[in-house]
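Protein chains: 2
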Amino acid sequence: MIYLDNAATSFPKPEAVYKAVDKCFREFGANPGRSGHKLALEAGRAIYETRELICQLFNIDNPMQIIFTSNATDSLNLAIKGILKNGDHVITSSMEHNSVIRPIKTLEEIGVENTVVQCDKQGFIDVKDIVKAIKENTKMIAITHASNVTGTVMPIDEIGKLAKENNLILLVDAAQTAGVYDIDVKKMNIDMLAFPGHKGLMGPQGTGGLYIREGIDMRQMKEGGTGSKSESLYQPEIVPDRYESGTPNTPGIVGLGAGIKFIIEKGIENIRKHEEYLTDYMLNELKKIDMVNIYGPQDAKKQASVISINIGDLDSSELSFILDKAFDIAVRSGLHCAPLAHKTIGTFEQGTVRFSIGYFNTKEDIDQSIEAIKKICEEI
Amino acid sequence: MIYLDNAATSFPKPEAVYKAVDKCFREFGANPGRSGHKLALEAGRAIYETRELICQLFNIDNPMQIIFTSNATDSLNLAIKGILKNGDHVITSSMEHNSVIRPIKTLEEIGVENTVVQCDKQGFIDVKDIVKAIKENTKMIAITHASNVTGTVMPIDEIGKLAKENNLILLVDAAQTAGVYDIDVKKMNIDMLAFPGHKGLMGPQGTGGLYIREGIDMRQMKEGGTGSKSESLYQPEIVPDRYESGTPNTPGIVGLGAGIKFIIEKGIENIRKHEEYLTDYMLNELKKIDMVNIYGPQDAKKQASVISINIGDLDSSELSFILDKAFDIAVRSGLHCAPLAHKTIGTFEQGTVRFSIGYFNTKEDIDQSIEAIKKICEEI
Numbered sequence: 001m002i003y004l005d006n007a008a009t010s011f012p013k014p015e016a017v018y019k020a021v022d023k024c025f026r027e028f029g030a031n032p033g034r035s036g037h038k039l040a041l042e043a044g045r046a047i048y049e050t051r052e053l054i055c056q057l058f059n060i061d062n063p064m065q066i067i068f069t070s071n072a073t074d075s076l077n078l079a080i081k082g083i084l085k086n087g088d089h090v091i092t093s094s095m096e097h098n099s100v101i102r103p104i105k106t107l108e109e110i111g112v113e114n115t116v117v118q119c120d121k122q123g124f125i126d127v128k129d130i131v132k133a134i135k136e137n138t139k140m141i142a143i144t145h146a147s148n149v150t151g152t153v154m155p156i157d158e159i160g161k162l163a164k165e166n167n168l169i170l171l172v173d174a175a176q177t178a179g180v181y182d183i184d185v186k187k188m189n190i191d192m193l194a195f196p197g198h199k200g201l202m203g204p205q206g207t208g209g210l211y212i213r214e215g216i217d218m219r220q221m222k223e224g225g226t227g228s229k230s231e232s233l234y235q236p237e238i239v240p241d242r243y244e245s246g247t248p249n250t251p252g253i254v255g256l257g258a259g260i261k262f263i264i265e266k267g268i269e270n271i272r273k274h275e276e277y278l279t280d281y282m283l284n285e286l287k288k289i290d291m292v293n294i295y296g297p298q299d300a301k302k303q304a305s306v307i308s309i310n311i312g313d314l315d316s317s318e319l320s321f322i323l324d325k326a327f328d329i330a331v332r333s334g335l336h337c338a339p340l341a342h343k344t345i346g347t348f349e350q351g352t353v354r355f356s357i358g359y360f361n362t363k364e365d366i367d368q369s370i371e372a373i374k375k376i377c378e379e380i
Numbered sequence: 001m002i003y004l005d006n007a008a009t010s011f012p013k014p015e016a017v018y019k020a021v022d023k024c025f026r027e028f029g030a031n032p033g034r035s036g037h038k039l040a041l042e043a044g045r046a047i048y049e050t051r052e053l054i055c056q057l058f059n060i061d062n063p064m065q066i067i068f069t070s071n072a073t074d075s076l077n078l079a080i081k082g083i084l085k086n087g088d089h090v091i092t093s094s095m096e097h098n099s100v101i102r103p104i105k106t107l108e109e110i111g112v113e114n115t116v117v118q119c120d121k122q123g124f125i126d127v128k129d130i131v132k133a134i135k136e137n138t139k140m141i142a143i144t145h146a147s148n149v150t151g152t153v154m155p156i157d158e159i160g161k162l163a164k165e166n167n168l169i170l171l172v173d174a175a176q177t178a179g180v181y182d183i184d185v186k187k188m189n190i191d192m193l194a195f196p197g198h199k200g201l202m203g204p205q206g207t208g209g210l211y212i213r214e215g216i217d218m219r220q221m222k223e224g225g226t227g228s229k230s231e232s233l234y235q236p237e238i239v240p241d242r243y244e245s246g247t248p249n250t251p252g253i254v255g256l257g258a259g260i261k262f263i264i265e266k267g268i269e270n271i272r273k274h275e276e277y278l279t280d281y282m283l284n285e286l287k288k289i290d291m292v293n294i295y296g297p298q299d300a301k302k303q304a305s306v307i308s309i310n311i312g313d314l315d316s317s318e319l320s321f322i323l324d325k326a327f328d329i330a331v332r333s334g335l336h337c338a339p340l341a342h343k344t345i346g347t348f349e350q351g352t353v354r355f356s357i358g359y360f361n362t363k364e365d366i367d368q369s370i371e372a373i374k375k376i377c378e379e380i
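Chain order of the listed sequences is G and R.
Everything in the first sequence is counted per this note's numbering, starting at 1 for the first residue and increasing by one.
Everything in the second sequence is counted per this note's numbering, starting at 1 for the first residue and increasing by one.
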């Protein structure tokens, strides 16, 4: 099986991740932050260590500003709903995943306005269009770092400057970039960074996080036991407790820590280089096949390791079905939970077949995929 | 180490749980419900199998009415905030965990009224007091199945009848009972059942669930990618998708399935019998020690396997510290995130030391705990 669905979840994970989860389960599978006994303290320390690793990766000063969530969607909902109130305005892009668009559309019910800035056919946003969208009541820019459909990388540096100048909160969805791209929240002026634990960060499913810049005060989504201020009937204000009610996913978070350690050891720039090389190679090979339509930048320097294609007007789900059944190649078809992105690139009806490359993919995986695509082109 | 903190999280888990998680990670760690390839389908099937096992355990007809969450707190927030609107009234008890009390108190901000029915010193509720609390705008009764402080079991059967007669939604917090007590949502007229995956159900941390009776329509807490109706900018109405945005915790849910299989194999009545036997034994031994104050029913038939004590007026955190350091016994001290319960039983200042027994505890564990308590009594 050739796995090219890393944008959905990375697979496999580093061996160290599996081992860290198993060790946590067996040796200190207690409830952190609740009890004071040795196992609970060890679990608490392990979780804190993952916070520190996240800080190291994203250049964050205070580990307590990392909120653990169950996935990036959870993080994005917390950020968007935590900040935006009736009367506020939020700017987003037409390349967003439903995890950004749907919460924003839902907030219309309570009187939060939004502007969806139209991107071009390759998924690029013009920062001038964001400038035009800014209104008196604009509170936040919520934008993906890289499209999950075309890989198109957004100019977060520029957008960060713009947000800072205009005193807007910049929320970045790093679902496709965390663990692969160099993200520096300070340099990029990112106020809130939402990330999954189970994609580029190579941790287990069921993990995710939200970085909140110090000084940002927002509502929590949930209340409950926090292990702190137990005497109060109201949620404590201390961070991260305020946003982390209930028993955390300790083994998952420990596995995430192991994933990040792996990334730091390998060097994030080497991971990016490897994925960029394979993306470049695959794009070049695909360009040689007449019947293949490639979407997005078609330039490995300008896109994450996500390549969306179609073969003629073959239904995208049929193509992915053939790749799976006849060639044992795992990809994803359809709209990838990003309908506006498909409207933007012109594939709302057909969808696309997405090849998403991970660190463990090889040139042979790409060669075999290209061979498969060629054969399918010949037979239809 | 003697682990007696199973009310916080069960430890260890059955070997089959560790193995199931590891196998899922290594063999089908894909994203279920998103892509159509073999690994994704296998992940989807495994998740569905856990839904079915939950149905078997709680006598639920439709597996699609099970919502996976990240813990019981997540489930309780979803249920409470999904149902209650401005102008509604909710009845709860004074024995609740903060995961019930805090969301309810927070809803006061949007005009949801509440009545906290006072329980007696042993934690028992008088159903007549619930009857008295019912008002014209009462929408829900939210109550724990068994107190996490004293183990006191609530008369859910009676409360279920009352709720049904009065057309109220009954939400039960089964944090301390799921997997140990026989819960039949139909017989007990439970409309919504919130449960953790990582306590009595013996699954991994990071898992939990909410059963919602068919026909109950409630708001979701989060919107995002659901793998369904991807073309829509709004959350789909189909269940469970509506309430399950983002990548699920596949390995966790698979581990939870293995935990429930273990319970079904052993027989839930045997698990309960074993815990009841140890609870009864420990209570009897504790009663022989003069300096020990025992809280709650002091009757293994009337309480879950949770025993709260104090030794004279020794600070509860000091006692648990000594048990851990000098005797290698892991318990929990303090308020256990249930301040009203401690006010009810009279331990708000001192807290209690909680011994919570699990299926893997033995008579020897209890003997050693009793010996330790005796020694501490002698020395202070």
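Honestly, the hints are just simulated from the structure, not real lab data.
Keep in mind that the hints are not guaranteed to be accurate.
Identical chains blur together in the list; that is why a pair holds if it fits in one copy or across any two.
Unchecked claim - Okay, derived cross-link-like pairs now, SDA-like style, lysine to any residue, Cα gap no bigger than 25 Å in a straight line:
1) 266 - 294
2) 266 - 318
3) 19 - 42
4) 85 - 111
5) 187 - 310
6) 105 - 216
7) 363 - 36
8) 266 - 292
9) 266 - 27
10) 301 - 45
11) 128 - 277
12) 105 - 228
Comparing the hints with the structure gives:
For the homomeric pair residue 266 and residue 294, neither the shortest alpha-carbon distance inside one copy (31 Å) nor that between copies (55 Å) is at most 25 Å. In this homomeric assembly, residue 266 and residue 318 never come within 25 Å of each other (Cα to Cα): the closest approach is 37 Å inside a single copy and 45 Å across copies. In this assembly of identical chains, residue 19 and residue 42 lie within 25 Å of each other by CA distance both inside one copy and across copies; the values are 17 Å within and 22 Å between. In this assembly of identical chains, residue 85 and residue 111 lie within 25 Å of each other by CA distance both inside one copy and across copies; the values are 8 Å within and 17 Å between.
For the identical chains of this complex, residue 187 and residue 310 are neighbours neither inside a copy (37 Å) nor across copies (53 Å), given an alpha-carbon limit of 25 Å. Taking the closest pair of Cα atoms, residue 105 and residue 216 come within 25 Å of each other both inside a single copy (23 Å) and across two copies (24 Å). When the C-alpha separation of residue 363 and residue 36 is checked against a cutoff of 25 Å, the pair qualifies only between copies, where the shortest distance is 24 Å, while the shortest distance within a copy is 50 Å. Within a single copy, residue 266 and residue 292 get their C-alpha atoms no closer than 34 Å, and across copies no closer than 56 Å, so neither meets the 25 Å cut-off.
For a Cα distance limit of 25 Å, the shortest separation of residue 266 from residue 27 across copies, 24 Å, qualifies, whereas the shortest one inside one copy, 27 Å, does not. Proximity of residue 301 to residue 45 under the C-alpha cut-off of 25 Å is found in neither arrangement, the shortest distances being 39 Å within a copy and 38 Å between copies. Neither within a single protomer nor between protomers do residue 128 and residue 277 lie at most 25 Å apart by alpha-carbon distance, with minima of 31 Å and 72 Å respectively. With identical chains, the CA atoms of residue 105 and residue 228 are at most 25 Å apart between copies only, with a shortest distance of 17 Å across copies and 34 Å within one.
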